[in-house]
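Protein sequence lines, in the order shown, are assigned to chains A and B. Heads up: the first sequence is residues -3 to 284, going by the numbering used here. Heads up: the second sequence is residues -3 to 284, going by the numbering used here.
Just so you know, not all the hints are guaranteed correct.
Claimed, not checked - Per label pair, the in silico range of CB-to-CB distance:
| id | chain 1 | residue 1 | chain 2 | residue 2 | range |
| --- | --- | --- | --- | --- | --- |
| 1 | B | Glu49 | A | Ala102 | 56 to 66 Å |
| 2 | A | Asp128 | B | Arg265 | 15 to 25 Å |
| 3 | A | Ile14 | B | Gly273 | 29 to 39 Å |
| 4 | A | Ser240 | B | Asp114 | 46 to 56 Å |
| 5 | A | Ala102 | B | Leu58 | 57 to 67 Å |
| 6 | A | Arg86 | B | Glu270 | 15 to 25 Å |
| 7 | B | Ile14 | A | Gly105 | 35 to 45 Å |
| 8 | B | Lys50 | A | Asn178 | 51 to 61 Å |
| 9 | B | Ala116 | A | Arg65 | 48 to 58 Å |
| 10 | A | Pro47 | B | Phe264 | 20 to 30 Å |
| 11 | B | Gly10 | A | Gly105 | 52 to 62 Å |
It is worth saying that the hints were derived from the structure and are not from the lab. Note that beta-carbon positions come from the ideal geometry of N, C-alpha and C, so glycine has one too.
2 protein chains.
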Amino acid sequence: MRNVTVAATQFASGANNIDAAEALVRSAASSGANIVLLQELFETNYFCQKPLEKYFSLATTLEENPAVRHFQALARELHVVLPVSFFERRNNAYYNTLAMLDADGALLGTYRKSHIPDGAGYSEKFYFNSGDTGFRVWDTAFGRVGAAVCWDQWFPEAARIMCLHGAEILLYPTAIGSEPLNPLLDSRKHWRTCMCGHAAANLTPVVASNRIGTEREEDFEITFYGTSFIADASGQVAADMDDSTPGFVAATFDLDALQIRRRAWGLFRDRRPELYGAILTLDGGANV
Amino acid sequence: MRNVTVAATQFASGANNIDAAEALVRSAASSGANIVLLQELFETNYFCQKPLEKYFSLATTLEENPAVRHFQALARELHVVLPVSFFERRNNAYYNTLAMLDADGALLGTYRKSHIPDGAGYSEKFYFNSGDTGFRVWDTAFGRVGAAVCWDQWFPEAARIMCLHGAEILLYPTAIGSEPLNPLLDSRKHWRTCMCGHAAANLTPVVASNRIGTEREEDFEITFYGTSFIADASGQVAADMDDSTPGFVAATFDLDALQIRRRAWGLFRDRRPELYGAILTLDGGANV
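Could you build all of it, start to finish, from the sequences and the hints given here?
If you want it as structure tokens, here you go:
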């Protein structure tokens, strides 16, 4: 038996987000969480609502990023695994990056968001290069953990590849909510169903941590819908939050039992990679 | 606007399955269905419970199969698209095959089940070669339709590839129920969540038609759990059935509206095929 407790957190961006995030990590850790997931780009407001030059100044190198430094110390103090999402600059490239911090505070490596959205309220293609790291998993003190970022969560390929690399839990820090130009569109069920599908198809728990609160940017406004959740290995919701209350939820999984279940169910035995070539195309390739 | 009505059917195997299937197709068609999905291998009991030599004699060539002939005439009479699942023999190879019949009765082609399960009660690797057709879509009178078979429904790769080839609806004839050696395992939620995930991730409706009833084979017994359903393009259940009542459910989708929605949401724009190479491996390939 190898029980690991994961927590998903959510809070509204405000005057001191590092403190708000730290308070949630401390609460989750004191209730027994081993891995605590914070939301995407939690240091600041979600600055991608509009394409504005000034916000590039929020980017830092990995070495200089204050959140990574801050949470390395906290991870070590609390003995928790902490993925930290931040706006990374390196030379002339800018990335939506996640730094994976192990429970001793060690920086295990970074992942750069691969799938970059673009649409009213979510102008990420203005700010971010498409990530060049590929999908990553890390051997942490609490299992082999895969993590990707927000829009990546909509792509079965990302989840599958992390699981092919042996991920035992998938983490998705997120910033998603209303659509400034389409107030009738509420994507929360669609969003959740995608990730529950990844959990089910890979027999691997999924954790998503999303913002709450309303943020304004000029004439645009997004109300982030929270509903952070944890899905079990059959894709059923094991714990979830509402769309406005800050805090965290947690769930415990026996990672050894899940490994036994994965191999017995046969999904990773019965794959047919020789038939999957069209996945490497945008339009299916040759006509069928 | 291009409204298409799809129906999922379910019934228990009995003395005359062709008649039972025909009655459901007629009911669904008379209520307005354009595409009617029948369950997997509906001509007979689910013979794969145990690996028994005698059941190879159920296989026929495509040209000789009675169900394909029968339902070609019915498809033409009722002007409905009808995928027909059957046990195919060709020379020394045996396949779990689906024949796609257009609304004029034309045979558009066949698909051979790619992913073959194996476990107590589901000894399909004893009977079937792994399909060699790759994943297929067909331009029918009612849209570009993708279809795969049962266990294929657990694999995000199959759904994605059909959608990369332009599938507007995904169909999965199915035979799944209890586990003879594991009576505590009930996979129905897991099963459905996988397919709702495919619908959500591809913004494409999914239809699953499953058996009901209990079938015995020597010391084994399976109670098929039905719960046939139709998921909409955000992965939400649009119509579904219980685990024991024969009949059908239907749902209508505007395929033109769904195409507009797919392109606006950006999932097919933001894919990163150059990062998906590991999908073509069984174990992730190179270490990360």
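**Prompt:** Taking the CB of Lys50/B and the CB of Asn178/A, does the distance hold inside 51 to 61 Å?
**Reply:** Given range 51 to 61 Å: holds, Cβ gap about 59 Å.
**Asked** Does the Cβ pair Gly10/B, Gly105/A satisfy 52 to 62 Å?
**Response** Holds - the Cβ-Cβ distance for Gly10/B and Gly105/A, about 59 Å, lies within 52 to 62 Å.
**Message:** Against the range 48 to 58 Å, how does the distance between the Cβ atoms of Ala116/B and Arg65/A compare: consistent or not?
**Reply:** Given range 48 to 58 Å: holds, Cβ gap about 54 Å.
**Asked** In this structure, is the beta-carbon distance linking Ile14/B and Gly105/A contained in 35 to 45 Å?
**Response** violated, 59 Å
**Asked** So does Pro47/A sit 20 to 30 Å from Phe264/B, Cβ to Cβ?
**Response** holds, 23 Å
**Prompt:** Can the suggested window of 56 to 66 Å be confirmed for the beta-carbon pair Glu49/B and Ala102/A?
**Reply:** holds, 59 Å
**Prompt:** Cβ-Cβ distance between Asp128/A and Arg265/B: within 15 to 25 Å?
**Reply:** The hint (15 to 25 Å, Cβ to Cβ) holds, given that Asp128/A and Arg265/B are roughly 19 Å apart.
**Request:** For the range 29 to 39 Å, tell me whether the beta carbons of Ile14/A and Gly273/B fit it or not.
**Result:** holds, 38 Å
**Request:** Given the range 57 to 67 Å, decide if the beta-carbon distance of Ala102/A to Leu58/B lies inside it.
**Result:** Roughly 60 Å apart at Cβ, these two residues keep to the hinted range, so it holds.
**Request:** Starting from the range 15 to 25 Å, see whether the pair Arg86/A and Glu270/B falls in it by beta-carbon distance.
**Result:** Taking Cβ atoms as reference, Arg86/A and Glu270/B lie about 20 Å apart, which means the hint holds.
**Request:** Could you tell me whether the CB distance from Ser240/A to Asp114/B stays inside 46 to 56 Å?
**Result:** Since Ser240/A and Asp114/B have Cβ atoms about 48 Å apart, the given range 46 to 56 Å holds.
The structure fails hint 7 only (numbered hints given earlier).
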